[in-house]
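Protein chains: 2
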Amino acid sequence: MLSNHLQNGVETAKLIWSRLPNSEVEADEAASGEFSRIKKDDGSTVESLDYEVIENYAYRQEQAKRGKVYMTYSVVVKWLMALLIGIGTALVAVFINISVENFAGWKYSWTFNLIQKSYFTGFLVYTLINLALVLSSVYIVTQFSPEAAGSGIPEIKGYLNGIDTHGILLFRTLVGKIFGSIGSVGGGLALGKEGPLVHIGACIASMLGQGGSTKYHLRTRWLQIFTSERDRRDLVTCGCAAGVAAAFRAPVGGVLFALEEVTSWWRSQLMWRVFFTSAIVGVVVQTAMAWCKSGKCGHFGSGGFIIWDISGGQEDYSFQELLPMAFIGVIGGLLGALFNQLTFHIAYWRRNYLHKRGNRVKVIEVCIVSLITSLISFGLPLFRKCTPCPVADANSGIECPRRPGMYGNYVNFYCGDKEYNDLATIFFNTQDDAIRNLFSAKTIHEFSAQSLLTFLVMFYSLAVVTFGTAVPAGQFVPGIMIGSTYGRLVGMFVVNFYQKLNIEEGTYALLGAASFLGGSMRMTVSLCVIMVEISNNLKFLPLIMLVLLISKAVGDAFNEGLYEEQARLRAIPLLESKPKYQMRNMTAKEASGNQRIVYFPRVVKVVDVLSILRSNNHNGFPVIDHTRSGETLVIGLILRSHLLVLLQSKVDFQHSPLPFNSTDGPVPIRHNLTEFVKPVSSKGITIDDIHLTPDDLEMYIDLAPFLNSSPYVVPEDMSLTKVYTLFRQLGLRHLLVVPRASRVIGMISRRDLLIEDNEDTLAIELQSTSVRDHQDGRRALRRKDAEQPLLDGLIV
Amino acid sequence: MLSNHLQNGVETAKLIWSRLPNSEVEADEAASGEFSRIKKDDGSTVESLDYEVIENYAYRQEQAKRGKVYMTYSVVVKWLMALLIGIGTALVAVFINISVENFAGWKYSWTFNLIQKSYFTGFLVYTLINLALVLSSVYIVTQFSPEAAGSGIPEIKGYLNGIDTHGILLFRTLVGKIFGSIGSVGGGLALGKEGPLVHIGACIASMLGQGGSTKYHLRTRWLQIFTSERDRRDLVTCGCAAGVAAAFRAPVGGVLFALEEVTSWWRSQLMWRVFFTSAIVGVVVQTAMAWCKSGKCGHFGSGGFIIWDISGGQEDYSFQELLPMAFIGVIGGLLGALFNQLTFHIAYWRRNYLHKRGNRVKVIEVCIVSLITSLISFGLPLFRKCTPCPVADANSGIECPRRPGMYGNYVNFYCGDKEYNDLATIFFNTQDDAIRNLFSAKTIHEFSAQSLLTFLVMFYSLAVVTFGTAVPAGQFVPGIMIGSTYGRLVGMFVVNFYQKLNIEEGTYALLGAASFLGGSMRMTVSLCVIMVEISNNLKFLPLIMLVLLISKAVGDAFNEGLYEEQARLRAIPLLESKPKYQMRNMTAKEASGNQRIVYFPRVVKVVDVLSILRSNNHNGFPVIDHTRSGETLVIGLILRSHLLVLLQSKVDFQHSPLPFNSTDGPVPIRHNLTEFVKPVSSKGITIDDIHLTPDDLEMYIDLAPFLNSSPYVVPEDMSLTKVYTLFRQLGLRHLLVVPRASRVIGMISRRDLLIEDNEDTLAIELQSTSVRDHQDGRRALRRKDAEQPLLDGLIV
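Heads up: the sequence lines are chains A and B, in that order. Residue numbering for the first sequence follows UniProt numbering, starting at 1 and increasing by one per position. Residue numbering for the second sequence follows UniProt numbering, starting at 1 and increasing by one per position.
Be aware that a few hints might be false.
One copy or any two copies: either way a pair holds, since identical chains are not told apart in the list.
[To be verified] List of simulated lysine to any residue pairs, SDA-like, C-alpha gap at most 20 Å:
1. LYS589 with SER742
2. LYS78 with ASP556
3. LYS578 with ARG751
4. LYS293 with GLN595
5. LYS293 with ASP695
6. LYS117 with ASP608
7. LYS442 with VAL603
8. LYS78 with ASP231
9. LYS650 with PHE493
10. LYS605 with SER615
11. LYS356 with ILE346
12. LYS578 with TRP266
13. LYS385 with HIS445
14. LYS418 with VAL363
15. LYS580 with LEU754
16. LYS578 with MET71
17. LYS578 with ARG267
18. LYS117 with ASP417
19. LYS580 with ILE755
20. LYS580 with SER74
21. LYS78 with LYS578
These aren't lab readings, by the way, just hints derived from the structure by calculation. Just so it is clear, the structure is predicted and the values come from calculations on it, not from any experiment.
Let's have the full structure, built from the sequences with the hints guiding it.
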């Protein structure tokens, strides 16, 4: 069917593609994703991810020689990377926590001391410290790393879905995120450091994978195994899990978060490595905490770093409590959905009007938010009159009142000797301590309903306004704050209503926190596990599940999850796992539109390549060749990025328009694989980087060694639902739409794909009775087919 | 390109495929799996799963009218099913536990009373009770439900991978599994009831999905939404999760087990429903336990039902302990791999020699195992001399000695007043209580090293021998027994070696259990979560992770996991997620072999259909049609099972050899979708069920309405690695291998698949600035393409 000439081209391409050292690489080619550059409204661009790796023959030939040793080596390096990501992320998390706790601790101590003398001086110092910290954060972000603003989770989700937002995984983003987080969280804004930690984990992973920052990376040979996009994506997934594990000290939660929320293509092999990274994070954080316990870390150590233990709380629950718990779920769903909607609109307005006016506006905006936050958190507790301390029980270990910013309840704030201010206990305190106080058991009636309601309204508004400003900001901790406030409020009513039950308000606060996060982020299993891990109590697992189910269901009735909404806003075009409804009535041909297909011949003149690349912005081009009988055949697909590399390097230019013939000997080695790999988060080569002499333009390139010789194809009238499933499941970047086939060469069913490993001789021997018999039977049947002259009329 | 005539055929098929009420159904068609019948060595067959559902026009037309209401309804039914599966599985689990605990409780009480008088009478009664229980179990299994033997997890894994082992999800298997488990576990064999519970959950789910048992199922209209294999598979996944959740009272562990171990195609939408099922199980079991606490359930209630709480144990761990813990991991890996290897060989021998001799041999075999087990568990403790009870601490609440079969340590066994027998504490006890004793804290030096070692060797041997006998048998609890024994042994040495540390032997027992399960089953995250949930202690999470990592790595160096080995032994051909190494050098054409393709024309004579079906055992046939110019075109794929339905029902036979023309009006409604659906675990229609008159044979069938008009295709020279990825990821059953395309009609990239929901008007409006601009730009570019005469030479 294929003429010799043509066959030669296909064979050459296949030759090279088949020389890959291990099966991962070609599967990788399948599991790829792409999106062409989209001009966003703020002038920045979202870039395509060139997942498809050219299997450079030179590099692969070299690797193929190494064989088993290389494969072992590559596995070792991958695990080593997982180890390093775990250690790195854990250390950064500890560093951020130490810094934040110390800044906040100093701030509250100092302010508190000043309050004793002058209320106004205290307020002034408090406000100025907050402002200074927040200013440092916004300065770093606006001047140095604009991509560090926000939580970064939508962008990471996009990266793992196949969209490389420019600058998202750079070294400067990492630095901006670390120091920006310290400033914004230390400065008392209504945001958390947990979302940024996920981004930080991803950055660390990405940089480790390419041996340093994009600009100055070490081109170490031993990192060349991470030249495939799939391996890099795996590393980033590990980084995300490490981030969550470090942020919440929740290793299992981290694995599940990576699985449920961020990845698009999950492989069970990866789970194992992600799990390892999380375990490492757990061990390193544990060790650091133990080291800090001796007081070497300042204010950090005694409290701090999540785990709001409620193991001392409620022992059991009764059926009567399920109703108020369901009610908490409904509130969570409603408030969460409202939060998503409000933040969406405000962020939209910010992106399109406010932030277009430049960095100065961004800085001023953050400063105003900081001032308002300081004013409210300092001012409002003033209006609350102090509450007398509960009658001290010698065994309970409750100390009342305490200084703000320290670990514990009953914060003194301009109160008398045996009094505390309940609003200050949650408002004039670090968020970690506030949550711990809200979750605390054995402290019934610590808070008045009025204080909780005031706090809920104020903090909710602050959280909505703060979201989307130009500082690194996570939504987990604010969400937990909001949720636990109304949870505790409901708990108070339950305590009053069911007088006799052994109910702890802290339990309801925990459920409230779960419900708000469920209503806003719409995660299920991972959130549930994170809540269990941070509360260190497994007893409430079914209750948390129940509340999450309700709040997610209620939230889903209104809008999408927070990350999806934000991804949409940022024009990160995520491919969902499920095809859209209207795709049912479309075909592949309709979806591909009526664009004229731009082909390349196998051997193409350089000047033609250049003009074609200039004339359109396609990212992939089919390559055709002619058989001797004059028929055309599609021999593969070539990527724009690879063409640009070929044009830039020039080494593959040839004078003759004749294709390379594989009978002439092995394909000459001219390229290094790394040349074809675009560094993460950078723009790669553009057509403007190409400088060619007139002589160059008259030369030819044989594309056969560089093309993907068998891209996936779909018939023109296939339903778009099926096309979508294929595209999404395999993570493709290009699909060729071809005419219906005129004949079928073979059928592949499961039995054709059951190939036994040759190494497992014992197993094959054992299996022979079952499998070989069957195969023999099958062969016999085939022979029988061949002997059926009766059916000749039907057999083509 | 397509002539009118041909177009008509394709259009008719497309017409019907496009009338599906919601997108799930067609995606389902994509996510399908198949395996043709394999004759196994024991004469039984593994059957194909006809995942591909014919989209019967009659049914679909009807549903399409219902529209939104139907979709809401189908969602409600799905959730209702999840609820019912949860409740059903939980109740069965409670029933099994109550029965086992009571049988075992009576047995031990009675025996213990008899021992006081005569040792021999006690032994006789003990042995006979055990034998009677085990006999009942093996009788049920051999006579009534042979598929209930073993754990059933490999078969369920196979089902979810696309292989329907005959009889695995029938009502009789469910009944056999429930009562067989009670007999075999109550009879004191070295096996557990947790694996069978997974199978039970799957059976319940499958039966609920088809409205009762296969034989007598209610053909209720409201269950017709479960006619698609994907929906059924989802239900079975829910059932597996419910089984684990109920078996271990570990809801999150259940979800993760379903995710990590049993499913092959996971969708994030499903996670949510599985999670719900698990939560329901948790609530129902909790309620039942609370009800039993008042003593209504006999011996069940006080202890029983897993959760071996070690929350009162070790508070912290030091670095010095990591070495012995790693050592436990290594032992676990070695012993686990050895266990897999031994059971594999023994089971192979059993299948091929012993069990072929009939049911009587199976019964005798189980009886002998039961006798040996009784003898060892009763006899060995006799050789141990009694140990004096530890000095009682009034506050510790430790009672010594106790009667066997009760909740607690220090079992009295023919001992004096203040003495206990340490070997009897673990051997002459229910497994649940034995594990609780091994895990127990504050009981240092309860067991002597000699006893533990004896128990380890004996129990390990018993577990190996018992595995594979004809009774329902799980490997979780025996694994935990074995692991915790050597774990506690290591713990004892650590206690002796590091005198000063606050070390609990129970902690090491827990780690030992984790390590053995990790070394044998090779699960990671799910096992880790299950261990945490059953020990009700989150503190050891990083340690369990570490131990699991080591034991799995060590085990992987030797062989595959237990379930994979067993699946291989049972000739369940699982398609792994990763392609095999040797596929790299093969093409699609080579894999499909040189078989002659058997085509059907669009309109085919009944006699020809019959002879083709008789002449081969293919399960799918390409259908071709001719254009007016005489060219042939492949218009789709028809399944053998659907052809058989057509032949059996006869309603679609026609006298004319002319195809149905869609311009004549709507396609006539003759079929009900359920007719095309094969009941689970049954053989479906075979060719012998077809009875046709000579008149029938001369008639024709127009296949167009029944064929899958666009099956997935691959070019003939595509690397088999890529083909495998496509086949496995989409869960296909047939792939057509076609020649290389001669031209490309269009290219589909991510942007072509980003279709916005029309309902979301606000979002579209907001997005317009980013997306519409971009699309306009793209259109402009296309126009530009069209205006490039310079490139005409290259544009075909």
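Structure-based check of all given hints:
1. Taking the shortest alpha-carbon separations for LYS589 and SER742, both the intra-copy value of 18 Å and the inter-copy value of 16 Å come in at or below 20 Å.
2. Taking the closest pair of Cα atoms, LYS78 and ASP556 come within 20 Å of each other only across two copies (17 Å); inside a single copy the shortest separation is 38 Å, beyond that limit.
3. Taking the closest pair of Cα atoms, LYS578 and ARG751 come within 20 Å of each other only across two copies (16 Å); inside a single copy the shortest separation is 29 Å, beyond that limit.
4. Neither within a single protomer nor between protomers do LYS293 and GLN595 lie at most 20 Å apart by alpha-carbon distance, with minima of 66 Å and 72 Å respectively.
5. In the homo-oligomer, the alpha carbons of LYS293 and ASP695 never lie at most 20 Å apart, since the shortest distance is 71 Å inside one protomer and 91 Å across protomers.
6. For a Cα distance limit of 20 Å, the shortest separation of LYS117 from ASP608 qualifies neither inside one copy, at 81 Å, nor across copies, at 103 Å.
7. For a Cα distance limit of 20 Å, the shortest separation of LYS442 from VAL603 qualifies neither inside one copy, at 80 Å, nor across copies, at 79 Å.
8. For the homomeric pair LYS78 and ASP231, the shortest alpha-carbon distance inside one copy (9 Å) is at most 20 Å, but the shortest distance between copies (37 Å) is not.
9. Neither within a single protomer nor between protomers do LYS650 and PHE493 lie at most 20 Å apart by alpha-carbon distance, with minima of 76 Å and 69 Å respectively.
10. For the identical chains of this complex, LYS605 and SER615 are intra-copy neighbours only, at 15 Å inside a copy versus 54 Å across copies, given an alpha-carbon limit of 20 Å.
11. Taking the shortest Cα distances, LYS356 and ILE346 sit within 20 Å of each other inside one copy (14 Å), while across copies they are farther apart (73 Å).
12. Taking the closest pair of Cα atoms, LYS578 and TRP266 come within 20 Å of each other both inside a single copy (15 Å) and across two copies (12 Å).
13. Taking the closest pair of Cα atoms, LYS385 and HIS445 come within 20 Å of each other only inside a single copy of the chain (15 Å); across copies the shortest separation is 59 Å, beyond that limit.
14. Neither within a single protomer nor between protomers do LYS418 and VAL363 lie at most 20 Å apart by alpha-carbon distance, with minima of 42 Å and 78 Å respectively.
15. Only between protomers do LYS580 and LEU754 lie at most 20 Å apart by alpha-carbon distance; the minimum there is 9 Å, versus 34 Å within a single protomer.
16. For the identical chains of this complex, LYS578 and MET71 are inter-copy neighbours only, at 16 Å across copies versus 35 Å inside a copy, given an alpha-carbon limit of 20 Å.
17. Both within a single protomer and between protomers do LYS578 and ARG267 lie at most 20 Å apart by alpha-carbon distance, with minima of 18 Å and 9 Å respectively.
18. Proximity of LYS117 to ASP417 under the C-alpha cut-off of 20 Å is restricted to the intra-copy arrangement: shortest distance 16 Å within a copy versus 73 Å between copies.
19. With identical chains, the CA atoms of LYS580 and ILE755 are at most 20 Å apart between copies only, with a shortest distance of 7 Å across copies and 36 Å within one.
20. Only between protomers do LYS580 and SER74 lie at most 20 Å apart by alpha-carbon distance; the minimum there is 18 Å, versus 39 Å within a single protomer.
21. Within a single copy, LYS78 and LYS578 get their C-alpha atoms only as close as 31 Å, which misses the 20 Å cut-off; across copies the closest is 18 Å, which meets it.
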